[in-house]
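Student: So the chains spell out like this:
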Amino acid sequence: MNRTADLRSRSLIRITLISLLTLAFLSITAAEANSPTAGKQKMVIQVSDNSPGKWNLALNNARNAQNALGGADNVDVEIVVYGPGIGMLEMDSETGNRVANALDQGVKIVACENTMRARDLTKGDMLPDIGYVPAGVIEIMKQQQQGYTYIRP
Amino acid sequence: MNRTADLRSRSLIRITLISLLTLAFLSITAAEANSPTAGKQKMVIQVSDNSPGKWNLALNNARNAQNALGGADNVDVEIVVYGPGIGMLEMDSETGNRVANALDQGVKIVACENTMRARDLTKGDMLPDIGYVPAGVIEIMKQQQQGYTYIRP
Amino acid sequence: MNRTADLRSRSLIRITLISLLTLAFLSITAAEANSPTAGKQKMVIQVSDNSPGKWNLALNNARNAQNALGGADNVDVEIVVYGPGIGMLEMDSETGNRVANALDQGVKIVACENTMRARDLTKGDMLPDIGYVPAGVIEIMKQQQQGYTYIRP
Chain A
1 MNRTADLRSR SLIRITLISL LTLAFLSITA AEANSPTAGK QKMVIQVSDN
51 SPGKWNLALN NARNAQNALG GADNVDVEIV VYGPGIGMLE MDSETGNRVA
101 NALDQGVKIV ACENTMRARD LTKGDMLPDI GYVPAGVIEI MKQQQQGYTY
151 IRP
Chain B
1 MNRTADLRSR SLIRITLISL LTLAFLSITA AEANSPTAGK QKMVIQVSDN
51 SPGKWNLALN NARNAQNALG GADNVDVEIV VYGPGIGMLE MDSETGNRVA
101 NALDQGVKIV ACENTMRARD LTKGDMLPDI GYVPAGVIEI MKQQQQGYTY
151 IRP
Chain C
1 MNRTADLRSR SLIRITLISL LTLAFLSITA AEANSPTAGK QKMVIQVSDN
51 SPGKWNLALN NARNAQNALG GADNVDVEIV VYGPGIGMLE MDSETGNRVA
101 NALDQGVKIV ACENTMRARD LTKGDMLPDI GYVPAGVIEI MKQQQQGYTY
151 IRP
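Protein sequences, first through last, are from chains A, B and C. So the first sequence is numbered by our numbering: it starts at 1 and just counts up by one. So the second sequence is numbered by our numbering: it starts at 1 and just counts up by one. So the third sequence is numbered by our numbering: it starts at 1 and just counts up by one.
In case anyone wonders, no lab produced these hints; they're calculated from the structure. Keep in mind that a hint or two might mislead.
Chain copies aren't distinguished; within one or between two, either way the pair holds.
[To be verified] Subject to a maximum C-alpha distance of 25 Å in a straight line, what follows is the list of computed SDA-like cross-link-like pairs (lysine to any residue):
1. Lys40 <-> Lys142
2. Lys42 <-> Glu113
3. Lys123 <-> Ala68
4. Lys40 <-> Asp92
5. Lys108 <-> Asp125
6. Lys42 <-> Asp129
7. Lys108 <-> Lys142
8. Lys40 <-> Val133
9. Lys123 <-> Asn67
10. Lys40 <-> Ser51
11. Lys123 <-> Val110
12. Lys40 <-> Gly131
13. Lys40 <-> Glu90
14. Lys108 <-> Gly53
15. Lys108 <-> Asp120
16. Lys123 <-> Met91
17. Lys123 <-> Asn74
18. Lys142 <-> Leu20
19. Lys42 <-> Val133
20. Lys40 <-> Arg10
21. Lys40 <-> Leu17
22. Lys108 <-> Ala72
23. Lys40 <-> Leu103
24. Lys142 <-> Ala102
25. Lys108 <-> Pro128
26. Lys42 <-> Val110
27. Lys42 <-> Tyr132
Remember, predicted model here, so these are calculated numbers, not experimental data.
The following block holds chain A by itself, in its conformation from the complex:
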């Protein structure tokens, strides 16, 4: 048998198999990255109504999601508050205690700075320990694109 051709064939088999395995790995990785169920569960909850009933419902949704999925280690929950809903996060909010409790439980709660500016609110007017985002609607868009499930109570 021709020794050179044999060696060439062997190395060709090796290169082909390595290429195919790499490609298979890349394909699966790309598919996984796009899969809505990849990794930790994520939920973004919108609050945009001036209604303490809705604020409580949003907080219930966050708590129920954590309970059903086994706690904050298994699900990232973020509440985005904007527009007429902003009162939920003002210092005199009817739901101030529940907001504090949710923050303790690992729920992320953010206020829209566009809304605050339009209403002459500063961070000093708001509940402690909340987060801030430049625009609530863009935060919700961004998180949906990152695989967060959108819930609008």
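Given the coordinates of chain A, assemble chains B and C onto it according to the supplied hints.
Tutor: For chains B and C alone, kept in the frame of chain A given last:
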């Protein structure tokens, strides 16, 4: 020509082509699985307001989706009722007849058991033939992840 | 060395490499097509409440999305109006001026013809320059499937 090397080359061509075809098939399948338009259309409609107007709107949305897409064979429609919306599915609901009709038309309608427990409601208090889920918000999350389009009337 | 086997090996290497590159390109293209962040940003905003407050909030959301993302060249924003929200687009709408302004700014605004038929409204009853869709709920579904982020103010 060297016969052994020739045979080796032929079998290498065969293995390579089979591998490539398999990989192409797997890539396309993975891409399809992630595509939001793959297969039957699916829509999950949320009801969480204590408002017969909203209940009717949700039922209209379900009917219009079925009509526009050619009936229940072409679209899975599920209405998830939770929180202050639960009255839609109680025995004395203003929309009881329309709920029965939607169920007849193949719309799936489910009540949140978390909400029922919080309000001391049992299955005996609810309209016949509806379904039940442990947590409405988790059902909506799960269905969105399964490719259901989310509609919040 | 055997010349025929050598030539065969070389052409096999060439075919394998071209196949692998083509396949890699197809895999990446398929993955991109499914990626929710591919290409221009897109947002579909629903209006289904008979509430000028909500109409203004939807228009604010559209404007804030355009401002945050650098204008209409960077984000397609569509407002879909249906059900009890239809008054937003009737000739005597409280928000008629703001609707005209949003249209000038490149926001697409469409009315649901199902809703119009149910309320005996014709195009002559509606604000100028808006668009029309057969069913609002199907438009929202279709756009979500095309990668639009869903916002329900």
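Student: The structure should be examined with respect to each hint, and the outcome stated for every one.
Tutor: Do the hints match the structure? See the list:
1. Lys40 <-> Lys142: both (17 Å within a copy, 13 Å between copies)
2. Lys42 <-> Glu113: both (23 Å within a copy, 22 Å between copies)
3. Lys123 <-> Ala68: Result: close only across copies, 21 Å inter versus 33 Å intra.
4. Lys40 <-> Asp92: Intra 34 Å, inter 41 Å, cutoff 25 Å: neither.
5. Lys108 <-> Asp125: within (19 Å within a copy, 36 Å between copies)
6. Lys42 <-> Asp129: This pair counts as within: shortest intra-copy Cα distance 21 Å, inter-copy 32 Å.
7. Lys108 <-> Lys142: Cα proximity of Lys108 and Lys142: in one copy and across copies (15 Å, 21 Å).
8. Lys40 <-> Val133: both (22 Å within a copy, 22 Å between copies)
9. Lys123 <-> Asn67: This pair counts as between: shortest inter-copy Cα distance 23 Å, intra-copy 31 Å.
10. Lys40 <-> Ser51: neither (31 Å within a copy, 35 Å between copies)
11. Lys123 <-> Val110: within (12 Å within a copy, 38 Å between copies)
12. Lys40 <-> Gly131: Close inside one copy (21 Å), not across copies (28 Å); limit 25 Å.
13. Lys40 <-> Glu90: neither (31 Å within a copy, 35 Å between copies)
14. Lys108 <-> Gly53: So Lys108 and Gly53 pass the 25 Å test inside one copy only (20 Å; across, 27 Å).
15. Lys108 <-> Asp120: within (23 Å within a copy, 31 Å between copies)
16. Lys123 <-> Met91: within (10 Å within a copy, 41 Å between copies)
17. Lys123 <-> Asn74: For Lys123 and Asn74, the Cα distance exceeds 25 Å both inside one copy (30 Å) and across copies (30 Å).
18. Lys142 <-> Leu20: Cα proximity of Lys142 and Leu20: none, with 35 Å in one copy and 34 Å across.
19. Lys42 <-> Val133: Classified as both; 18 Å inside a copy, 20 Å across copies.
20. Lys40 <-> Arg10: So Lys40 and Arg10 fail the 25 Å test inside a copy (43 Å) and across (47 Å) alike.
21. Lys40 <-> Leu17: neither (33 Å within a copy, 37 Å between copies)
22. Lys108 <-> Ala72: within (10 Å within a copy, 31 Å between copies)
23. Lys40 <-> Leu103: Intra 19 Å, inter 34 Å, cutoff 25 Å: intra-copy only.
24. Lys142 <-> Ala102: Answer is both: 22 Å inside a copy and 23 Å across each meet the 25 Å cutoff.
25. Lys108 <-> Pro128: Answer is within: at 12 Å inside a copy they meet the 25 Å cutoff, but 39 Å across does not.
26. Lys42 <-> Val110: So Lys42 and Val110 pass the 25 Å test inside a copy (15 Å) and across (23 Å) alike.
27. Lys42 <-> Tyr132: Classified as both: same-chain Cα gap 19 Å, cross-chain 23 Å, threshold 25 Å.
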